[in-house]
Amino acid sequence: MSQSRHRAAAPPLEREDSGTFSLGKMITAKPGKTPIQVLHEYGMKTKNIPVYECERSDVQIHVPTFTFRVTVGDITCTGGMDISILIPLWKGSQHLV
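Here the sequence shown is numbered in my numbering, starting from 15 and rising by one per residue.
FYI, nobody ran anything at the bench for these hints, they're computed from the structure. Mixed in with the good hints there might be a few duds.
Unchecked claim - Simulated crosslink set (DSS-like; lysine-lysine; CA at most 27 Å straight-line):
#	residue 1	residue 2
1	Lys39	Lys59
2	Lys47	Lys61
3	Lys47	Lys59
4	Lys61	Lys39
Please model the complete structure; the sequences and the hints are all you need to start from.
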């Protein structure tokens, strides 16, 4: 008799009493996801896909810095400056999560 290996499925996301999805429940249901992934999935479920905008880009020799803004619905957060393009995106997303 062979045994099949599979991962346990994440619990299904349930709507709160107000009919909206709980971002906190999404985070606990998907522990290995980055804030950007969680925000995108939350946006897909609530039909408010995150919009990322580059506000500023200062490219100097060996020290490029970027500032990004993420908007989900009517909430907007700005990520800090860093040498990587992904870190400001992650920081901006983290504030919303």
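Structure versus earlier hints, numbers of those that do not hold, lowest first: Of the numbered hints, all hold.
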